[in-house]
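Sequence lines, in order, name chains A and B. Counting from 1, one number per residue, gives the positions in the first sequence under our numbering. Counting from 1001, one number per residue, gives the positions in the second sequence under our numbering.
Since the hints were derived computationally from the structure, they do not count as laboratory data. Honestly, I wouldn't trust all of these hints.
Unchecked claim - 27 angstroms max Cα-Cα, derived DSS-like pairs, lysine-lysine:
#1 K1171/B - K1623/B
#2 K362/A - K1668/B
#3 K362/A - K1294/B
#4 K1445/B - K668/A
#5 K1686/B - K1623/B
#6 K171/A - K1362/B
#7 K445/A - K237/A
#8 K1246/B - K1539/B
#9 K1248/B - K1216/B
#10 K668/A - K1260/B
#11 K168/A - K623/A
#12 K237/A - K550/A
#13 K1294/B - K1247/B
#14 K668/A - K623/A
#15 K1237/B - K1438/B
#16 K623/A - K438/A
#17 K216/A - K1445/B
#18 K1135/B - K1668/B
#19 K1445/B - K362/A
#20 K294/A - K307/A
#21 K237/A - K248/A
#22 K1362/B - K168/A
#23 K1668/B - K216/A
#24 K1362/B - K668/A
#25 K1544/B - K1284/B
#26 K686/A - K1216/B
#27 K1246/B - K1301/B
#28 K1168/B - K362/A
#29 K1313/B - K1273/B
#30 K284/A - K301/A
#31 K216/A - K1216/B
#32 K1544/B - K1294/B
#33 K1623/B - K1168/B
#34 K1362/B - K1237/B
#35 K1216/B - K1247/B
#36 K216/A - K307/A
#37 K1668/B - K445/A
#38 K1260/B - K1284/B
#39 K623/A - K1362/B
Protein chains: 2
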Amino acid sequence: MDFSSFLTSLITSCAIFVVLMAVFAWLSRRPGNRVIYYPNRLLRGMDPLDGGASHASRGPFAWIHEALASSEQDVIAASGVDTAVYFVFLSTVLGILVLSGIVLLPVLLPVAATDKPSHTSSGTVSNGTFSDLDKLSMGNVEEKSSRLWAFLIATYWLSIVAYYLLWKAYKHVSALRAAALMSPEVRAEQFAVLVRDIPPAPEGQSRKEQVDSYFKSIYPDTFYRSMIVTNNEEANKIYEELEGCKKKLVRAETMYAESKTTGKPEGTRPTNKTGGFLGLTGTKVDSIEYYREKISELTPKLEAEQKATLRDKQQAAALVFFTSRVTAASAAQSLHATMLDTWNVMDAPEPRQVIWTNLTIKFFERQIRQYIIYIIVALTILFFMIPITFVSAFTTLQNLKKYLPFIKPIVKIAAIRTVLEAYLPQIALIVFLALLPKLLLFLSKLEGIPSQSHIERAASGKYFYFTVLNVFIGVTVGGTLFDTFKTIEKKPNSLLTVLAASLPGNATFFLTFVALKFFVGYGLELSRIVPLIIFHLKKKYLCKTEAEIKEAWYPGDLGYATRVPGDMLILTITLCYSIIAPLIIPFGVVYFGLGWLILRNQALKVYVPSYESYGRMWPHMHKRILAALLLYQLTMLAFFGAKKFYYAPFLVPLIISTLIFAYVCNQKFYRFFSNPALGVASHQLKETPHMERIFRTYVLPSLCSEKVEDDQFEDALSQVSRAGSFA
Amino acid sequence: MDFSSFLTSLITSCAIFVVLMAVFAWLSRRPGNRVIYYPNRLLRGMDPLDGGASHASRGPFAWIHEALASSEQDVIAASGVDTAVYFVFLSTVLGILVLSGIVLLPVLLPVAATDKPSHTSSGTVSNGTFSDLDKLSMGNVEEKSSRLWAFLIATYWLSIVAYYLLWKAYKHVSALRAAALMSPEVRAEQFAVLVRDIPPAPEGQSRKEQVDSYFKSIYPDTFYRSMIVTNNEEANKIYEELEGCKKKLVRAETMYAESKTTGKPEGTRPTNKTGGFLGLTGTKVDSIEYYREKISELTPKLEAEQKATLRDKQQAAALVFFTSRVTAASAAQSLHATMLDTWNVMDAPEPRQVIWTNLTIKFFERQIRQYIIYIIVALTILFFMIPITFVSAFTTLQNLKKYLPFIKPIVKIAAIRTVLEAYLPQIALIVFLALLPKLLLFLSKLEGIPSQSHIERAASGKYFYFTVLNVFIGVTVGGTLFDTFKTIEKKPNSLLTVLAASLPGNATFFLTFVALKFFVGYGLELSRIVPLIIFHLKKKYLCKTEAEIKEAWYPGDLGYATRVPGDMLILTITLCYSIIAPLIIPFGVVYFGLGWLILRNQALKVYVPSYESYGRMWPHMHKRILAALLLYQLTMLAFFGAKKFYYAPFLVPLIISTLIFAYVCNQKFYRFFSNPALGVASHQLKETPHMERIFRTYVLPSLCSEKVEDDQFEDALSQVSRAGSFA
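One chain only, chain A, in its complex shape (with noise of 0.2 angstroms):
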């Protein structure tokens, strides 16, 4: 890639990028667009353009000032204080890279381009003609040219600026969280404790009486009530089949009202099918009559069902409720039975994030699935370009012409047989990309983890070795990790010598990859393109309720388990470069302060959480900033060396003090992340908590029914103590 090509690529990027921001100005100015460029500040009940300024006196730029005006507090309140900790992450990030970039490019620059090197020494300069920026490098210093010393004091000075700023933000994420967790709010999860492998109730006690005798033994004075959980799956069935019918009877009632309206002849009573394909086959009903029909017949089955569950499909675990938050605290962090592997107890979930099937597995399947499920992903980390040339060799155009004959016709013009030939290669690898963050999704849901927010903690981190082992490393030593390892195989430790080696070749692609990532990426982010043509596409065409528009634009929530490691990936290359080639560094400063900002608006006014794990992230960002930390100051010893620079091992120091840094981070800061301190939880609250109402957050809506609402449950509950009794 020589300069001019680069150039243009940049140049082209930025000309979207302004695009983006002239749509996002256009778009998000209209009223009909609201929903999607304020739907959380809707959701909030506040107004959208909040801020007295009216409507017409805006400016194109006015988010930005509101962004910028933005205090934590802000955030907190708008989306949580996970999405508070991942802008600590962005800013801390970005502090490391604005602290080191005003020392190392007016030192790095002029260092490296008044040197006049031998040009023998190959392997470290760019490929191609690109000659502009290699001047700028550490690639056009001699080697063991005494100029080396200012670029390992660089390594320093970056490592232990990091340091500082990484320290400063875990303490402000430490109280960040004790803040929320110390909040006089009452919030359901604090009075709860998660009872999980409680062993078989002894003969003639129903589940519920062990457990609540149980309990009542140890904490006398505070506990309040158990709630055991119940195999919900048949509830659960009927429970969805009913919401469906209320659904398209509301659909089918607004378009009878809508065709009455509209004056049709005899206002045309909506119809469907009863079949089950596709709604294509069957007899002709009227939807009305047949959806009524149908929720009068399904309520009193799902009320049996509801009292069947209750009673007869009690599992071997409980969500144990406290009138102490302390109590519930202490709870979750104390041995009960002198085994581990019953009654283990910890925090309780938020409601809204408890995974109820995987509530009930036991302790040491739990342990087994964790470990396959490394090993699964591990081979898929090293392994991963396997089933992807499989699955290419088997979707040959003569298989899709076999397994799927109605495609023949299309094969038969040249033109698109060629393409396909060609891609499909490629198409299965994207294919394989994209669907990756969900698969390993899936794979940690798989290992028995307890709640949602701890299943995308667990993808998080696989997606970032995925990442950062196969983009970075792979892109960088070129083809695959597994490649890779073959040729290293003679050699073991030479990874770092390989990588060390073919880093300064591939500057200039990482450099238009990060301006890339953030002019593209964060234009679409802002601009929200897609989601808003999705949205007037649905309302157009499929939407007839307003539940089903307001289905159409509620948005998301950040997107922790898949942006993290992206962040993550810029950050590694950003660091590794910064010394090689100083130039990157500003691209990652726009990269991180662009983030900074557009996401600061899109917290304020798009995104909705979907769950609130108080900062439970940071501990595994903060171990993804130490492990890039590390892969760069290795890198830098690997550099070093091949610059045959004999102070390289002073580097050996600095990567011991990572070690060190991260073990006392570690130890000093961690435990609070996994348990509640009950110092925090001992704060006072603003009023005595409703027990009652913190229970009923946690009952399922399949197994709550709608007619007696509060003594239902209740009754059924009790009737389940009473009929354990007498069985």
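Model the placement of chain B on the given structure of chain A, informed by the hints.
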């Protein structure tokens, strides 16, 4: 070693044992020796010869009957749970050896003896001409022979027996610990927690106020009071001086009374000299008057110092008392502050085993100390010959003569000189090995561990690695581990091969070693010759007062820290040879059987435990038995490899299953041994605990004023609070 010398050694050991037994039978019947043979019973206020049998009718083997008839509850009553757990260890190991012996001996011995090896396979046959025993070992089986299958299956059999018995034992010990912890007796340590790393007290608050308000806010209902750890150095010094004077006064008074009764002229009043050096210098004074004066001088000084200590020397650690066992148990497991290095809470050790000086060591200092100690111990294990060589080189006769001129005349005698020159290095080694347990205890204490039992566990672990690595592997491979490393350096992973090749050659050495251990070791243990002689000497020449005599016979405890590693060494040897030379199994059986019997007697009648950790030693024993098992399996893998047996890899699943077994046991059982389970602590107490008495058990004697027993401490403390609040 040929067969006759092996027999000679065996018979000699056996003869010594018989003599010692006879000595024991004779001496233990003399009433004057009761304090040596029945101190535990005497201290518990029981009749030494309990059991109804009159003195005369007791046969010399009555103790055997008593030991066999005693139940686990008797042991717990006499020597505590820790000792009972030690017997579980002994009987488990015995069970493993017996159960494998009854299968292995009848099967393997004939299989080995009937094979006719072509005596070319050197290296797997014992050194020398000890062919009679060799015929019964695996060395007698030909290479690649299908007879090796029997040995391979035997390897499996022993392991499976071990898994089964260890699993049962872990469950049993867990139940023992639970029974002890849920006992309705009030035990002070179950109501207290140890708080370390207390942050600096805020302005205008004393430490006590700070701690009280912190814990009151978290545990408003169950907090009783706190005790701040103080720097008692000065108070202790005065207290010890005072106690010394009191003892000497009693001694002087006794001597004076004696001299009066013996009718010496004018009842010679005892005198002493006031000088420091061994009481030989200074002016001569009347002892009784001198000490009375000193006591009346020191008592107010101590009282003043006590007040000053309690007020001004408060440290950043405290003991906090709760009125409920459950709260204390759960507090000890819970995170209190957001950072782990502040308000670190753990179980309180028993009052008698608190290491007060270690309580105030800071969190990260403890960690740093721990790692430094680990490194020192690892170096000691690997290179323990180096300092000894160095010391030996330094302690040549020339140097000794130079620095210790008074030995010159001795050295001049030729015979002594030769002996000294020859044995100086060995003497250095023996001194080092004798001091090693003390050194390891000292090092473990430096780690900052807060309780004596924990220190002994830590030292025991270190000693285990030292003995197994240096004695077992060292003797087998020949030379120290360090020498072996040098030969292994070129071919990594060959340690096992070297070990496997050297094992058969040392079979007879270890047979003799085990026999010596049990005959002489346990003979001395039972007969207690050494303590008896020391006691009688002391009684005759040193002791004057009752207290001094009691001190002279007061028994120690079982001595976990060195006894367990010693047993482990025997177990490791027996296991590693069990298949190669099955004849070792009966020796192992006798060792552990005799050990069980004799120590049962000692536990019931002699030793007095110096602390109670409720079986916390067990997980360590369990882990080390598994380590021995793993070493055995690895050795067998290497040995089958040396025998060129194609199916040797069939042992790999066995090794993996040992690792899985260790993992599962650790996961399932371990946590209960580091933290009390709440379900156990919640059991009913016999009586409402007398909190003031519990609190008082933790008050050090040096801080406990005698005058106003009950109010003084309270006053001093409340003064502190008041003083603090006005400061």
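So, against the hints stated earlier in the document, which numbers end up violated here?
Hints 3, 5, 9, 10, 17, 18, 19, 29 and 35 contradicted; others consistent.
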